[in-house]
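Based on these hints, arrange chain B on the given structure of chain A.
There are 2 protein chains.
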Amino acid sequence: MRALGFHLLTEFYGCDRGILNNVRKIKSVMDDAAIASGASIVESIFHRFNPHGVSGVVVIAESHLAIHTWPEYGYAAVDLFTCGKDVDRWKAFEFLKRCLAPEATSTKEILRGENLRDQNTVEYGPPPAKREQTAREHL
Amino acid sequence: MRALGFHLLTEFYGCDRGILNNVRKIKSVMDDAAIASGASIVESIFHRFNPHGVSGVVVIAESHLAIHTWPEYGYAAVDLFTCGKDVDRWKAFEFLKRCLAPEATSTKEILRGENLRDQNTVEYGPPPAKREQTAREHL
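Chains A and B are the protein sequences, given in the same order.
Everything in the first sequence is counted per numbering that gives the first Met the number 0, starting at 0 for the first residue and increasing by one.
Everything in the second sequence is counted per numbering that gives the first Met the number 0, starting at 0 for the first residue and increasing by one.
Here chain A stands alone, though its shape is the one from the complex (with noise of 0.2 Å):
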C-alpha cells in the first residue's frame, strides 16, 4: 500500500479539562508535536472560545496537525496528517499523549491519495506497537 500522505485521526478521551482550556499550553504542545515528528512549521493559528474549547491548527509543509478540545468533556480531536518519508506521525502522537495525558484513546489511520502511481508516494509503515511486535516475532 503506498499513498501520498498518511491522517491519525485520534480522538483523547479523559484529558485534564484545565489543559485543554488554556490556548497558550495547546498552541505550545501542538507546535512541540509538529517539531517532534521533524516537520516543518509553515503557521499555526489557535483559539478559545467563549465559554469554553481550543481549536488550533499546525500548518506544516508536510500537511497540517489540528485540534479541538471540549474541556467540558476532557475530550480533545486531534488530526495528524503528514506526507512525505521524514516526518513521522506517530511521534507527534506519542508526544502528544504524554502532553495531554488521556485516559482513553482511540485512533483510526487513514491513507491519502492512494490511487496515485509516482515515486513520490510512501510505503505504508505499521504504528509503532506493530512494528516491535514484528521484530519480536524475527527474533
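Wrong hints could be hidden among the right ones.
[Stated by the list, open to error] Taking lysine-lysine and the DSBU-like style, the derived pairs with C-alpha atoms no more than 30 Å apart in a straight line are:
(1) B/K26 x B/K84
(2) B/K90 x A/K96
(3) B/K90 x A/K107
(4) B/K24 x A/K24
(5) B/K96 x A/K107
(6) A/K84 x B/K90
(7) A/K90 x B/K107
(8) B/K84 x B/K96
(9) B/K90 x B/K26
(10) B/K90 x A/K90
(11) A/K107 x B/K26
(12) B/K107 x B/K90
(13) A/K26 x B/K24
(14) B/K26 x A/K26
(15) A/K26 x A/K107
(16) B/K24 x A/K90
(17) A/K26 x B/K84
(18) B/K96 x B/K24
(19) A/K84 x B/K84
(20) B/K96 x A/K96
(21) B/K24 x B/K90
The set of hints was computed from the structure by calculation and includes no laboratory data.
Below, chain B alone, put in the same frame as chain A:
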C-alpha cells in the same frame, strides 16, 4: 450512532491543475464552501508552496475545513470536519465538487467524539444520496 462531530476525508482526483496551484482561487472556494455549509468562519490561512502546491485551513466555530493540493497530479486532499446540527458538511462537499470539478472522488466519513453521552452530540445522518434513496423508499 451519535457523535460530537462528523469528518469527511475526501480525495479529489483529476482536477484542473491551474486551479489547484492558484492560492487565491483555492482560498476563495474553501471560504465559500464553509459559508455554503452554514459554518461561521473564525480564520482562514492559505499558503502556496514552491514549486507547486497549496495548503490551507479554514478554522470555523464548528471545527475546520482543510485542503492540500498536488497540482502535478491534479489531486487534492480535502477535510471537512464539522460539529453541531446547523452545519451541513455535504453542502461544502457538493460546492467544492462543483468548483474543482474532479474526474473522480473517494470519500470516507469518520465520527468524532463517539464515546460521549451528552445532549450536544448529534445523531448521525447519512449522505444526501442515501437520504434521497431512503426518502424514496418511504414514498
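Here's how the hints hold up against the structure:
For a cut-off of 30 Å, the pair hint linking B/K26 to B/K84 stands: about 25 Å separates their Cα positions. About 34 Å separates the Cα atoms of B/K90 and A/K96, which puts this hinted pair outside 30 Å; it is violated. Restraint check for B/K90 and A/K107: satisfied, since their Cα atoms lie roughly 25 Å apart, inside the 30 Å limit. Distance hint between B/K24 and A/K24 is unfulfilled; the C-alpha atoms sit about 34 Å from each other, more than 30 Å.
Pair hint B/K96 plus A/K107 holds up; C-alpha atoms about 25 Å apart against a cutoff of 30 Å. Our distance criterion of 30 Å between C-alpha atoms is broken by A/K84 and B/K90, whose separation comes to about 34 Å. The suggested pairing of A/K90 with B/K107 holds, with an alpha-carbon distance near 25 Å, which does not exceed 30 Å. Proposed proximity of B/K84 and B/K96 is supported: the alpha carbons are some 22 Å apart, at most 30 Å.
Annotation: proposed proximity of B/K90 to B/K26 holds, straight-line Cα distance about 17 Å (limit 30 Å). With a CA separation close to 35 Å, the supplied pair B/K90 and A/K90 exceeds the 30 Å bound. Restraint check for A/K107 and B/K26: the C-alpha separation of about 28 Å stays at or below 30 Å, so the hint holds. Under the criterion of a C-alpha separation no larger than 30 Å, the hint pairing B/K107 with B/K90 is consistent with the structure, at around 16 Å.
For the suggested pair A/K26 and B/K24, the alpha carbons sit about 29 Å apart, so the restraint of at most 30 Å is met. A C-alpha spacing of about 24 Å is found between B/K26 and A/K26, which places the hinted pair at or below 30 Å, so the restraint holds. A distance of roughly 23 Å separates the Cα atoms of A/K26 and A/K107; the hinted pair therefore holds under the 30 Å criterion. Straight-line distance between C-alpha atoms of B/K24 and A/K90 comes to about 34 Å, which puts the hinted pair past the 30 Å bound.
For a cut-off of 30 Å, the pair hint linking A/K26 to B/K84 stands: about 28 Å separates their Cα positions. Distance hint between B/K96 and B/K24 is fulfilled; the C-alpha atoms sit about 14 Å from each other, no more than 30 Å. Our distance criterion of 30 Å between C-alpha atoms is broken by A/K84 and B/K84, whose separation comes to about 39 Å. Under the criterion of a C-alpha separation no larger than 30 Å, the hint pairing B/K96 with A/K96 is inconsistent with the structure, at around 36 Å.
The straight-line distance between the Cα atoms of B/K24 and B/K90 is roughly 19 Å, inside the 30 Å bound, and the hint therefore holds.
Against the hints set out earlier in the document, violations occur for numbers 2, 4, 6, 10, 16, 19, 20.
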